[in-house]
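Quick note, the sequences are listed as chains D and L, same order. Positions in the first sequence are counted from 1; adding 61 to them yields our numbering. Positions in the second sequence are counted from 1; adding 703 to them yields our numbering.
Don't take every hint at face value.
What the hints assert, rightly or not - Quick list of in silico lysine-lysine cross-link-like pairs, DSBU-like style, CA-CA up to 30 Å:
id: 1; chain 1: L; residue 1: K755; chain 2: L; residue 2: K706
id: 2; chain 1: L; residue 1: K706; chain 2: L; residue 2: K772
id: 3; chain 1: L; residue 1: K706; chain 2: L; residue 2: K799
id: 4; chain 1: L; residue 1: K799; chain 2: D; residue 2: K72
id: 5; chain 1: L; residue 1: K772; chain 2: L; residue 2: K799
id: 6; chain 1: D; residue 1: K118; chain 2: L; residue 2: K811
id: 7; chain 1: D; residue 1: K78; chain 2: D; residue 2: K118
id: 8; chain 1: L; residue 1: K755; chain 2: L; residue 2: K799
id: 9; chain 1: L; residue 1: K799; chain 2: D; residue 2: K118
These are computed hints drawn from the structure, not numbers from a lab. Predicted model only: the values in this text are computed from it and were never measured.
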Amino acid sequence: GAGVSQSPSNKVTEKGKDVELRCDPISGHTALYWYRQRLGQGLEFLIYFQGNSAPDKSGLPSDRFSAERTGESVSTLTIQRTQQEDSAVYLCASSLTAGGGNQPQHFGDGTRLSIL
Amino acid sequence: DAKTTQPPSMDCAEGRAANLPCNHSTISGNEYVYWYRQIHSQGPQYIIHGLKNNETNEMASLIITEDRKSSTLILPHATLRDTAVYYCIVLEYGNKLVFGAGTILRVKS
């Protein structure tokens, strides 16, 4: 079956512009996660959704970052007034539910964001 | 911070079993051990997870010690495509995956 799909796969934009990243989770997965991975570093948690609600937004780096999810499906991560330090790969993952530790998260291949 | 310790790198001959160790001495009773791998420029790929018992799937086997303080991921017949960074993770807070530095596995022909 189809895995997690992210678009665009690559995005190059100028500093100060807004960007929108999209994630299509695995069908039927109610939990959706956003992570960031800077070059050569580990994953940094940003936010997760259970259904359309975001119980934990603690990882969002600043108020320039926001995310929403609709129809318990597609999610968009928006970065306003991009800065060069926002350059990274943004990864989306989904799992059947967010409860407990027995639900593997399955990742997309990410959006590689480059801020000039 | 990651709650696991892994060797920085390992080599394995193609066709042989790759045994990747992980220490998680502070794991708590309801925390699961997860293994992921990441091949350059791809997203992390889920491999296997377990709580107490040994687990096996089509990709690998997971052996967890009785005291749960360490585990071993076994790739039974490593191929060149298994060359990747392997991450052992103890799932914290129920939902946030925290990746450490991982083990770079190089499969050589």
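Each hint tested on the structure:
no.: 1; hint: K755/L to K706/L; in the structure: 17 Å, holds
no.: 2; hint: K706/L to K772/L; in the structure: 11 Å, holds
no.: 3; hint: K706/L to K799/L; in the structure: 13 Å, holds
no.: 4; hint: K799/L to K72/D; in the structure: 26 Å, holds
no.: 5; hint: K772/L to K799/L; in the structure: 20 Å, holds
no.: 6; hint: K118/D to K811/L; in the structure: 43 Å, violated
no.: 7; hint: K78/D to K118/D; in the structure: 23 Å, holds
no.: 8; hint: K755/L to K799/L; in the structure: 20 Å, holds
no.: 9; hint: K799/L to K118/D; in the structure: 11 Å, holds
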